[in-house]
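S.K.: If you want the building blocks of each chain, they are given just below.
There are 2 protein chains.
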Amino acid sequence: MLAIQFFFVILISMSITFSDIEQARKRIAPVVYRTPVLQSINERDKGEATFFFKCENLQRSGAFKLRGAYNKIAALPEAVRQKGVVAFSSGNHARAVATAARLLGTHAKIVMPNDAPEVKLQATRAVGAEIVLYDRYRESREAIAQSICETERRTLVPPFDDPLIIAGQGTIGLELHEQMPEFDLLVAPIGGGGLISGVATALAELRPEVQIFGAEAEAANDTFLSLQKGERVQIPVPKTIADGMQVTSPGKLTFPIIQQRVKEIILVSEHEIVEGMRFVAEHIRQIIEPTPAVAVAAARKLATRFPGARIAVILSGGNVDMKRYRELLTGKGM
Amino acid sequence: MLAIQFFFVILISMSITFSDIEQARKRIAPVVYRTPVLQSINERDKGEATFFFKCENLQRSGAFKLRGAYNKIAALPEAVRQKGVVAFSSGNHARAVATAARLLGTHAKIVMPNDAPEVKLQATRAVGAEIVLYDRYRESREAIAQSICETERRTLVPPFDDPLIIAGQGTIGLELHEQMPEFDLLVAPIGGGGLISGVATALAELRPEVQIFGAEAEAANDTFLSLQKGERVQIPVPKTIADGMQVTSPGKLTFPIIQQRVKEIILVSEHEIVEGMRFVAEHIRQIIEPTPAVAVAAARKLATRFPGARIAVILSGGNVDMKRYRELLTGKGM
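Chains A and B, in that order, are what the protein sequence lines are. Numbering-wise (the working numbering), the first sequence opens with residue 12 and increments by one. Numbering-wise (the working numbering), the second sequence opens with residue 12 and increments by one.
Chain A extracted, bound-state conformation (with noise of 0.2 angstroms):
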């Protein structure tokens, strides 16, 4: 009997459905911004893809992080919330719970690699949060984080492998259905997979039609080769310039998502990256990091594919400081 409750439990906890995603929505409402849509200034010649990109590097904190961080903190008790919590994140999603803990007024402990961008150590140092370095190819942050939580009784916020990380990432997908007129693909990029799996899931709901694409860094290509072999594939830490897409396997609950609703992982290069970054600037004026123009890059692959296609790109952060954004986009930061 206890065995079937635990199978039940553990069955529930893996499934993200769309109510959980508008639940989400309700819960982050008060506090998290409704970003625009932007369609480039420029004129498109007749036949050429048009381009909607749905701009969380205009989200408060700077990347989509916030909606899933807060989605999981809001959600604690109260009792446990004031205990704290803890995340291990390459950036955006330490900033996220960082702002997330300050907003609901508890405080947050941030384990974050020793080379993350300044920019990010400083952001997220400046909404209160407390930061543990550590050496991203000897150290374990899991463990680290882990340790803490047990020492301190704080929670952990994972940045992507939980549900309700995921249906608060899944809220994009309630607001464009809400902003966008007819469209027929999706591109976001895909670090762990939150982001996706969140929006696919809220899309499956309210735009079948629409097909979803996932981007991902050549160096970076955990969730390619495990949608290949079928199962989640392990790489080593990726070098490359898309900062979010550090990570070296897919999600135990993002991974099956991946699996179901993603038509295909778009591979592009670190040169195309920056291209990305630069069309961003030429198109629609965004300041964007790396991570997201890997989508932007995959979306300028599909369009060529799919002629006259309407293109949905979640730019999924801004978090770069100007110094660095110069030097990628003069060649000399790669």
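Keep in mind the hints are simulated off the structure, nothing from the lab. Keep in mind the model is a prediction, meaning the values are calculated, not measured. Certain hints may be false.
No distinction is drawn between identical chains; accordingly, a pair holds when it is met within one copy or between any pair of copies.
Unchecked claim - Below, simulated DSSO-like cross-link-like pairs (lysine-lysine); rule was C-alpha separation at most 27 angstroms, straight line: (1) Lys94 to Lys250; (2) Lys312 to Lys94; (3) Lys312 to Lys240; (4) Lys250 to Lys263; (5) Lys57 to Lys94.
Let chain A serve as the given structure and place chain B on it in line with the hints.
M.R.: Frame of chain A, contents of chain B only:
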């Protein structure tokens, strides 16, 4: 009798009413973007001013100018419109007139200074306009444009001093009213004054409590000096990085509106303009050209004078090429 009739025609053509702006909106609605109002992605300290940025850098053609240009050309009788239009402009108005002409199925000739940013020349040609270059420091663009109009029976689309142009720009005021919660101050950059006089006319009707501030570069202080003296003052062609402010005098129509509705002109240095561009990159991830950064710099000064104020800032355009943008932010382009 004829004299009286003439007097009335002058009176009517001089005054811009709220209803002109409402009509403009109907005319431009099918093509002009409703640009978003953005707030900072960063958390704000208690008591700090809040900025709201109206992002006309995301307007079709890259600047607010499309509103006025399209309104003017769309209002022409079909037979007149078909003969084509002419404009003289330092850049954004040129591109706007070219774009509006194309969208309305007619043809534009643009008289542009030979030192206009390359990105603006290219962008104007790309939408099918013919460019006539002139020397900004020695020739009269008005005379050149006038001569083309007479020879080819084309219609002149003035950059600011025209009721239909002012009414078009004023549509930003209608959108601000719909998009904004209560706000206290509005800051707009002043070139010839078309933008601020249109928006001030709209807000006088919809939000009479809002105080309107103009922003000029120290070197381009023609409106500041004119207000001091109580009449339109002519200055030499100003040398400033804010190329949209290379105007030597406020307009005949715009100046009385500015006298009546603008509380004060804030002057800012070239260095503060660059700091304004950087501020916008850090807080709302937008790429803007130098001219709107004059308004950003002015708004930051107002923020210290009015702690806790809610300040709307019009980001008038984003047409700066990326090489120039990088140079400006590294201090090389000043």
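S.K.: Using 27 angstroms as the alpha-carbon threshold, which applies to Lys94 and Lys250: within, between, both, or neither?
M.R.: neither (36 angstroms within a copy, 59 angstroms between copies)
S.K.: Under a CA distance limit of 27 angstroms, which applies to Lys312 and Lys240: within one copy, between copies, both, or neither?
M.R.: Answer is within: at 24 angstroms inside a copy they meet the 27 angstroms cutoff, but 59 angstroms across does not.
S.K.: Evaluate Lys250 and Lys263 at a C-alpha cut-off of 27 angstroms and name the case that applies: within, between, both or neither.
M.R.: Within one copy only: 23 angstroms inside, 60 angstroms across.
S.K.: Checking an output row: Lys57 and Lys94, CA cutoff 27 angstroms. Within, between, both or neither?
M.R.: between (58 angstroms within a copy, 25 angstroms between copies)
S.K.: Give the relationship of Lys312 and Lys94 under a CA distance limit of 27 angstroms: within one copy only, between copies only, both, or neither.
M.R.: Neither: 47 angstroms inside a chain and 41 angstroms across chains, both beyond 27 angstroms.
In this structure, the hints that do not hold are numbers 1, 2, in rising order.
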